[in-house]
Amino acid sequence: MFETLTERFNHTFKQLAGRGRISEENVREAMKEVRRSLLEADVNLEVVGEFCDEVTREALGSEVLKSLQPEEQMVGIVHQKLVELMGPVDSHLMMVDPGPTVVMLCGLQGTGKTTTCGKLAAFLKKRGRRVLVAGADLQRPAAVEQLRQVVEDSVASAPGDGHVAFHGEPEKCAEYGQATGVAVGVCQRALARARSERFDVLILDTAGRLHVDEDLMNELGAIDRVVQPHQRFLVVDAMTGQDAVSSAREFNQRLAVDGIILSKFDSDTRGGAALSVKKVTGAPIKFVGTGERITALEEFHPERMAGRILGMGDVVSLVEKAHEEVEEAEAERLADKMAKGQLTLNDFTKQLRMMRRMGPLKQLMGMLPGVGGALKDLDVNDKQLDRLEGIVNSMTRREREDTGVLNKSRTKRVAQGAGVPTTEVNRLVKQFGAMQKMTKQMAGLGAMGKMKAMKQMQAAGAGAMGPGGGLPGMGGRGSTRTKSVKSGFKRRKRR
Amino acid sequence: MGLFRSTIDRVRRGLARTAGSLGGGLRSVLAGRSLDEDLIEEIEAMLIGADVGVEATAAIVDDLRADWKAGRISTGEEVLDHLKSSLKNRWEDVDRRIAVAPEAPTVILVVGVNGVGKTTSVAKIAHSLREEGRSVLLAAADTFRAGAVAQLSIWSERLGVSIVKGAQGSDPASVAYDAADAALARKVDVLLVDTAGRLHNQGDLMRQLVKIRDVIRKKIPGAPHEVLLVLDATSGQNGLVQARSFEEAVDITGVFLSKLDGTARGGIVVAIRDQLSVPVKLVGVGERPEDVEPFDPATFIDAIFE
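The listed protein sequences derive, respectively, from chains A and B. First residue of the first sequence? That's 114 in the numbering used here, and the numbers climb one at a time after it. First residue of the second sequence? That's 33 in the numbering used here, and the numbers climb one at a time after it.
Treat the hints as calculated values from the structure; they're not laboratory data. Given the structure is predicted, the values throughout are model-derived calculations rather than measurements. Don't take every hint at face value.
[To be verified] Think about it this way: if two alpha-carbon atoms lie no more than 20 Å apart in a straight line, the pair counts; the simulated SDA-like pairs of lysine to any residue are: (1) K463/A to E69/B; (2) K145/A to E74/B; (3) K145/A to E69/B; (4) K250/B to E69/B; (5) K463/A to R239/B; (6) K450/A to K392/A; (7) K392/A to G200/A.
Whole structure, please, built from the sequences with the hints as guidance.
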């Protein structure tokens with residue numbers, strides 16, 4: 114699943130090794146792999162076709178044919194083209210003066226419109242705006258109530274000195290299809306209130322609807338005519354498949370969509386829908402939703418998205434994920450200890466736990482470039498990590514601080530406690546020692562050195578506290594380092 | 033056991049749009065043509081366009097090509113029959129009925145990622161069970177999402193089904209426990225547990241789901257008898273990843289394919305069938321509580337290709 118395009122290209126170009134030149138035919142062959150990769154990432158078939166034609170044209174006219182490392186150049190071209198198509202970054206919210214600026218969110222059912230309304234309100238609150246959020250979804254039971262709570266959350270827990278208020282008429286909700294059209298009035302009253310109470314922004318949460326539901330699409334059209342929103346945003350689930358194109362096209366034809374918000378981006382989807390939707394609507398991808406928290410709305414980064422679509426890993430997101438989970442003070446303390454080679458088993462398991470909060474190991478490793486392919490045949494087993502934790506938990510505090518005290522009888526006790534043979538305890542101790550040494554060495558290395566060291570470690574088998582077991586330390590290490598460098602900088606400034 | 037009525041016409045109607053885009057296309061493409069590589073390529077494109085996925089599509093197409101090379105098929109019309117039967121074969125002999133516990137209550141746990149339509153699906157299942165004359169208890173174990181408990185409460189009123197709910201933000205496992213308790217005490221036939229949407233890659237939330245399952249099992253041995261993964265028909269290849277993750281965590285027993293009334297074709301279920309052998313049991317074809325049907329592969333495939 115995480116096999117990267119680079120690896121596939123390697124395969125395609127391998128037979129050419131030594132000959133040093135690639136032909137037009139080879140480029141075409143490589144494009145087959147691009148096509149497959151994009152389709153697996155859920156980019157729409159038509160969009161894939163057009164994209165591949167463009168890239169082929171470009172690749173043929175470029176230096177690829179003379180290049181010594183054609184696969185890397187091909188990936189470069191494909192990546193660059195994807196970035197171009199999905200960019201540029203534009204998370205600007207157009208504001209009208211005098212206000213209120215009206216922002217309308219629409220989309221299919223379950224894409225996350227209501228949650229996104231709350232996040233947008235929080236986003237604007239941080240920028241000091243006065244925001245009114247109105248619930249115009251009278252179809253889904255309790256949608257208005259949900260929005261009220263989401264708004265409450267943005268009032269209570271989102272930072273900033275703006276102001277967020279809620280407008281809802283829950284009594285107008287009715288069984289599906291029976292309140293169609295009523296939402297138009299709700300939006301009109303919300304607009305009147307936003308004007309009289311001098312709000313800067315009015316956000317309209319509309320009902321989720323199928324693009325083929327004539328009645329509800331007409332309702333959306335009526336809201337659009339009557340309220341005349343300044344910004345119409347289409348909320349799209351990042352996990353959507355081929356059909357993303359037909360719904361986006363229809364919404365765009367009816368509403369002239371001004372921007373896309375890609376939701377559920379914190380899933381592990383390759384997210385090809387982003388490219389499809391951008392291509393058929395031409396509207397910029399404004400934001401991505403990255404979590405359940407009210408502040409989890411971020412700028413869209415085409416480079417990261419391109420990497421994800423191509424299955425090239427998304428290191429930046431991984432580091433960010435780590436930041437979320439690892440508490441700063443703790444991370445700094447660990448980084449210090451690691452650099453001094455004083456990492457204990459206690460720290461290690463603590464880090465392991467933090468790491469595992471981020472998700473199953475295999476998936477996390479899939480986010481690392483290059484690891485994906487190597488993982489294919491490797492059984493990264495979370496159960497092995499459970500055993501590991503079991504062993505450490507069976508140790509006394511002193512043993513965890515210093516594995517050196519583990520004599521024969523202590524080892525036997527630990528093994529019995531964890532329900533494993535003593536050899537397994539010994540292996541853990543030995544491997545941990547190797548890792549400890551390695552982390553100390555690595556503290557002084559740059560990124561490339563680290564990669565090399567990691568490879569050596571894996572080759573030496575030291576990485577295998579259970580397969581890949583050395584990596585949790587590494588992964589945590591990468592993130593802690595970023596943190597400590599940053600905060601170190603801050604400290605210096607303060608002094 | 034006819035827990036659900038099979039109204040083929042209704043599924044057809046629900047799938048009419050689905051069929052309109054793919055099947056109509058295929059039929060017109062195939063008419064009066066003989067099989068060649070170009071045609072195979074077109075068929076391949078259609079399957080991929082239906083979210084069947086690159087791998088499963090390759091398997092189907094290879095199969096087709098082999099039969100063509102062996103001289104078993106040659107005309108466009110034969111291709112259609114071949115595709116139908118090859119897809120149907122993937123689904124033969126699977127029990128797609130909703131499990132019933134030997135001793136009441138039967139517990140059905142409904143899980144899935146955010147926004148796939150779990151709560152609506154729960155309402156639909158409850159409605160069908162009520163139509164069958166079974167007593168149903170709902171458990172609102174989505175204590176996380178704003179308004180989720182209120183949403184299910186409204187359904188319970190509309191359907192005339194009782195409900196056990198916890199406070200927003202309370203432990204969903206304790207709601208499940210109370211609901212299991214109540215189901216036993218009130219001697220209901222079926223307990224339907226609605227859970228919070230969770231992305232399958234969020235370890236903590238998946239472990240919470242395991243806890244919910246285990247708590248129910250502790251109270252009612254053998255439960256849950258059915259763990260239904262609600263899958264959005266519009267989902268792409270990530271649907272397979274979802275199914276695999278939920279399968280690993282809580283051993284799903286079936287898929288509820290929701291939102292099949294749009295233009296999405298839900299082809300991802302073919303890949304899920306190929307790789308996980310978890311059967312699709314029910315399909316959602318609209319917003320109303322009665323818009324649910326048992327999944328019938330023959331009908332599904334016919335509708336796709338006709």
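Which numbered hints fail: 1, 4 and 6
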